[in-house]
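Generate the whole structure from the sequences, applying the supplied hints.
Those protein sequences? They're chains A and B, same order as listed.
Residue 201 in the numbering used here is what sits at position 201 of the first sequence, and the numbering runs on without skipping anything.
Residue 1 in the numbering used here is what sits at position 1 of the second sequence, and the numbering runs on without skipping anything.
Rather than coming from a laboratory, the hints here were simulated on the basis of the structure.
We put the CB at the ideal spot given by N, CA and C, even for glycine.
One or more hints might be untrue.
[To be verified] One side of the interface only, derived from the structure: several residues of chain B facing chain A at Cβ under 8 Å: (1) Lys29; (2) Ser33; (3) Ala102; (4) Gly121; (5) Ala154; (6) Leu158; (7) Phe159; (8) Arg162; (9) Thr163; (10) Leu167; (11) Ala171; (12) Met177; (13) Ile184.
[What the hints assert, rightly or not] Lysine-lysine pairs mimicking DSSO-like chemistry, simulated, CA-CA at most 30 Å apart: (14) B:Lys187 <-> B:Lys29; (15) A:Lys171 <-> A:Lys71; (16) B:Lys187 <-> A:Lys171; (17) A:Lys199 <-> A:Lys171; (18) A:Lys71 <-> B:Lys29; (19) A:Lys171 <-> B:Lys29.
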Amino acid sequence: MSLLEVNNVSLSFGGIRAIDGVSFDVNPGEVFTIVGPNGAGKSSLFNLISRFYEPAAGSIRFDGQDLLACKPHEVIDSGIARTFQNIELFDHATVLDNLLIGRHSRRRTYWFEDLLFLPRVRREEQEHRRAVEEVIDFLELAAYRDRMIQGLPYGVRKVVEIAQALVSRPKLLLLDEPAAGLSVEETENMAWWIEDMQKDLGLTIVMVEHDMGLVSRVSDRVLAIAEGRPLVEGAPGEVQAHPEVIRAWLGGVDE
Amino acid sequence: MDTLQLLISGIANGCIYGLIALGFVLIYKASESVNFAQGDMMILGAFLAIALLNTDQADLPFLLGLAIAGLSLGVFAYLLDALLLRRVFGQPQLTMVILTIALGFVLRFVIGAIWGHDPVGLDSPVVGQRLSIGGLTVPVIDAVIIGTTVFLVAVLWLFFARTRLGLAMQASSQNQMAAYYMGIPVKRVVSLVWAMSGVMAAIAGVLFAAKGAVEPSAGLVFGIKAFAAAVIGGMGSLPGALAGGLLIGIMEPFAGRHLPSHIAQVSPYALMLLVLILRPSGLFAQVRAKKV
Chain A
1 MSLLEVNNVS LSFGGIRAID GVSFDVNPGE VFTIVGPNGA GKSSLFNLIS
51 RFYEPAAGSI RFDGQDLLAC KPHEVIDSGI ARTFQNIELF DHATVLDNLL
101 IGRHSRRRTY WFEDLLFLPR VRREEQEHRR AVEEVIDFLE LAAYRDRMIQ
151 GLPYGVRKVV EIAQALVSRP KLLLLDEPAA GLSVEETENM AWWIEDMQKD
201 LGLTIVMVEH DMGLVSRVSD RVLAIAEGRP LVEGAPGEVQ AHPEVIRAWL
251 GGVDE
Chain B
1 MDTLQLLISG IANGCIYGLI ALGFVLIYKA SESVNFAQGD MMILGAFLAI
51 ALLNTDQADL PFLLGLAIAG LSLGVFAYLL DALLLRRVFG QPQLTMVILT
101 IALGFVLRFV IGAIWGHDPV GLDSPVVGQR LSIGGLTVPV IDAVIIGTTV
151 FLVAVLWLFF ARTRLGLAMQ ASSQNQMAAY YMGIPVKRVV SLVWAMSGVM
201 AAIAGVLFAA KGAVEPSAGL VFGIKAFAAA VIGGMGSLPG ALAGGLLIGI
251 MEPFAGRHLP SHIAQVSPYA LMLLVLILRP SGLFAQVRAK KV
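Next up, the structure:
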């Protein structure tokens with residue numbers, strides 16, 4: 001059974017149809033990539049899945065549950081974590097603190113226990129710290145643990161944002177343009193991380209990305225969309241070579 | 001000896017300024033706007049407490065009345081944010097500023113219409129009592145004010161450093177989008193920050209009314225002075241707000257003693273201007289100049 005089922009969703013901004021009848025299924029353990037020219041509706045699709053936008057029509061099911069019944073802050077509880085195109089981190093806090101707040105949805109203690117720092121709180125804190133340290137090790141962020149986000153290079157912040165998403169131990173990770181703004185070398189590293197997350201953590205990943213080198217290297221399946229409508233779905237090579245896709249990207253010869 | 005007595009009285013006043021300034025900063029961090037009705041919320045809390053506690057009024061036990069006044073202001077501020085201010089979220093900051101200024105006017109009018117415009121004091125258990133420590137006589141209420149403030153600040157500090165909700169408040173004030181996707185219900189958290197500063201306004205109001213007398217329009221001047229305190233401390237810094245409040249509180253009695261009265265009255269604002277010229281982002285600024 002598929003983990004994420006997006007069924008015929010549509011989204012309008014005023015008179016503009018940003019997304020028009022898009023459907024796709026994501027299987028557990030696969031890397032599924034959405035590609036398309038600028039303004040095709042890729043990020044809007046992401047924002048639908050993370051419940052930032054309300055679809056005009058269609059349904060989204062995740063892990064057998066109706067995702068549309070969730071509020072934005074409940075999405076992470078259902079097992080979906082995401083990153084953003086322009087990096088949304090807490091700039092005035094350290095890497096460690098950013099990752100610890102990533103455990104927010106996993107905290108179960110009450111405020112009066114927290115205030116008194118009861119043994120149960122202590123045990124929970126140790127567990128959070130352990131989970132965070134595992135991710136720090138996994139993504140090799142140890143050197144930056146106590147550094148403020150503000151002063152970190154862009155490429156490192158991208159990895160920290162992924163780490164922040166990972167600490168909640170999600171089933172599905174949404175990566176919004178993970179290679180945007182990265183150098184060739186950093187993009188190469190990003191490909192490694194994505195492959196590691198898929199293989200070692202068994203994570204299902206849905207990604208929006210422009211860098212076709214990265215897309216064809218890590219994706220199991222690719223969905224191309226243009227002007228809010230689905231064009232082609234299939235293996236990376238197939239999609240890239242499809243005449244419809246080439247027309248959408250480069251403009252038609254016959255128009 | 002005289003100096004010491006002035007100092008203690010000044011610290012007690014400064015604590016009340018500090019509590020209101022803390023309210024300013026909390027809301028500024030959560031809503032990215034200034035609540036100019038903070039001083040009037042304090043006076044509302046004071047009058048509520050007077051109505052509940054004074055012997056010629058409801059005459060409830062002191063702590064019960066205090067709790068009811070504090071909770072009422074908390075609920076009031078929560079609903080204010082959830083029902084009214086949330087609607088202008090995303091509008092220019094000025095919208096919220098004007099809205100809270102107007103709210104201050106309405107509160108002043110309503111308080112006056114219900115309880116009249118004469119100054120009233122709160123009958124606290126320690127009214128008129130004095131404490132003698134080695135030749136120094138201190139009104140007990142000053143000691144109570146200082147003690148209450150120290151306690152509140154300690155609880156607040158633990159709350160922000162340790163509790164899930166406190167950390168969620170810090171996170172929401174830094175990056176709302178990221179906070180949402182960490183699983184934090186940002187809107188509710190912001191309303192809770194309002195509730196918290198409402199409760200603090202009520203406590204400050206009770207302390208203020210127990211020390212002297214309050215009248216409905218007192219919130220305006222008091223609020224502006226506390227705002228100056230928050231600016232002096234560096235809008236956005238909680239320790240700064242407290243320090244700014246103390247500075248203004250301590251400065252006032254000394255200025256009143258040693259300077260002509262018309263100059264003494266403007267001294268808090270003069271201090272604010274001085275800080276703005278010398279250290280524009282405040283004494284405890286969190287924002288540092290951007291490195292290029």
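Hints and how they fare:
no.: 1; hint: Lys29; verdict: violated, 11 Å
no.: 2; hint: Ser33; verdict: violated, 19 Å
no.: 3; hint: Ala102; verdict: violated, 31 Å
no.: 4; hint: Gly121; verdict: violated, 34 Å
no.: 5; hint: Ala154; verdict: violated, 10 Å
no.: 6; hint: Leu158; verdict: holds, 5 Å
no.: 7; hint: Phe159; verdict: holds, 7 Å
no.: 8; hint: Arg162; verdict: holds, 5 Å
no.: 9; hint: Thr163; verdict: holds, 4 Å
no.: 10; hint: Leu167; verdict: holds, 6 Å
no.: 11; hint: Ala171; verdict: holds, 5 Å
no.: 12; hint: Met177; verdict: holds, 5 Å
no.: 13; hint: Ile184; verdict: holds, 6 Å
no.: 14; hint: B:Lys187 <-> B:Lys29; verdict: holds, 13 Å
no.: 15; hint: A:Lys171 <-> A:Lys71; verdict: holds, 18 Å
no.: 16; hint: B:Lys187 <-> A:Lys171; verdict: holds, 26 Å
no.: 17; hint: A:Lys199 <-> A:Lys171; verdict: holds, 13 Å
no.: 18; hint: A:Lys71 <-> B:Lys29; verdict: holds, 24 Å
no.: 19; hint: A:Lys171 <-> B:Lys29; verdict: violated, 33 Å
Violated hints, in rising order: 1, 2, 3, 4, 5 and 19; the structure is consistent with all others.
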